[in-house]
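A.B. asks: So you can see what is in the structure, the chains are spelled out below.
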Amino acid sequence: MVPLFILWLGYEEREATGTSLAAIAIIAAAAVVVQLTYGNVHVGDGLLVGIPAVGGVLAGTWLQQRVPRRKLQVLFALLLLASAVKLVVA
Amino acid sequence: MSLGAVAIGFVAGAIAGMFGVGGGVIFVPGLVILLGLDQVDAEATSLLAIVPVAIVGAYRQSGYGNLRLRDGIMVGALAIPFAALGVVVVNAVPERAIELGFAALLVYVAIGLLRSDSHE
Numbered sequence: 001m002v003p004l005f006i007l008w009l010g011y012e013e014r015e016a017t018g019t020s021l022a023a024i025a026i027i028a029a030a031a032v033v034v035q036l037t038y039g040n041v042h043v044g045d046g047l048l049v050g051i052p053a054v055g056g057v058l059a060g061t062w063l064q065q066r067v068p069r070r071k072l073q074v075l076f077a078l079l080l081l082a083s084a085v086k087l088v089v090a
Numbered sequence: 001m002s003l004g005a006v007a008i009g010f011v012a013g014a015i016a017g018m019f020g021v022g023g024g025v026i027f028v029p030g031l032v033i034l035l036g037l038d039q040v041d042a043e044a045t046s047l048l049a050i051v052p053v054a055i056v057g058a059y060r061q062s063g064y065g066n067l068r069l070r071d072g073i074m075v076g077a078l079a080i081p082f083a084a085l086g087v088v089v090v091n092a093v094p095e096r097a098i099e100l101g102f103a104a105l106l107v108y109v110a111i112g113l114l115r116s117d118s119h120e
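Residue numbers (the working numbering), protein chains in the order written: chain B, 1 to 90; chain X, 1 to 120.
A hint or two may mislead.
As the list claims (entries may be wrong) - Derived coverage of chain B by chain X (criterion: at least 3 residues anywhere in the stretch with Cβ under 8 Å from a Cβ of chain X; other residues may be distant):
#1 10-22
#2 47-56
#3 60-67
Since the hints were derived computationally from the structure, they do not count as laboratory data.
For every residue, glycine included, the Cβ atom is placed at its ideal position computed from N, Cα and C.
Start from the sequences, fold in the hints, and give me the full structure.
C.D. replies: Following this line, the structure appears as structure tokens:
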């Protein structure tokens, strides 16, 4: 969604990240309601990771205003690639 | 194990705040690998965790002048039927296909990150 905000609507990158979060909140809320009807949501586990994540997002938005992001982007990308490998082989 | 869950949550939240994603790309593998959920349950549970993260993230970003609320709401509202459709599809196809599809998504996001220029 962030690249689309930048490419189609001409947003600056940080505006794109902020605005995309608002859209994500709505989309995730709608999707979780549907998933609840399938009985797939582990509410306890969701809260167990979701509550510390609120602390994480406060740290992340604070950091975004202050640190160069290139190294973080590369680290994040490597983490994703490792997760992908684990999903495929597990 | 619950310490692992706290760590997943914090890292996913920090990434959500920095990169404007919901955190699902961390929540889902974390729930599968560390908490042993199956793929579809992990995706469903991740959605629940994403809601507070995205709300708080958007609120913080608005404090930095980075939120265009009207556009965000419009894009989010337009996406609702597709999100619902996605849930139906995920529940209808084999789990292994979902795992492989999610792995492909992670690789795609990773490549996008590695190719993007730093703006700083």
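A.B. asks: For the region 60-67 of chain B, count the residues whose Cβ lies under 8 Å from any Cβ of chain X; is that count three or more?
C.D. replies: Held - the region 60-67 of chain B has 6 residues with a Cβ nearer than 8 Å to chain X, which meets the minimum of three.
A.B. asks: Please verify the coverage claim for the region 47-56 of chain B: does it have three or more residues whose C-beta sits within 8 Å of some C-beta in chain X?
C.D. replies: holds (count 10)
A.B. asks: Check, residue by residue, whether the region 10-22 of chain B contains three or more positions whose beta-carbon lies closer than 8 Å to a beta-carbon of chain X, and give the verdict.
C.D. replies: Result for this restraint: holds, n = 11.
Against the hints set out earlier in the document, no violation occurs for any number.
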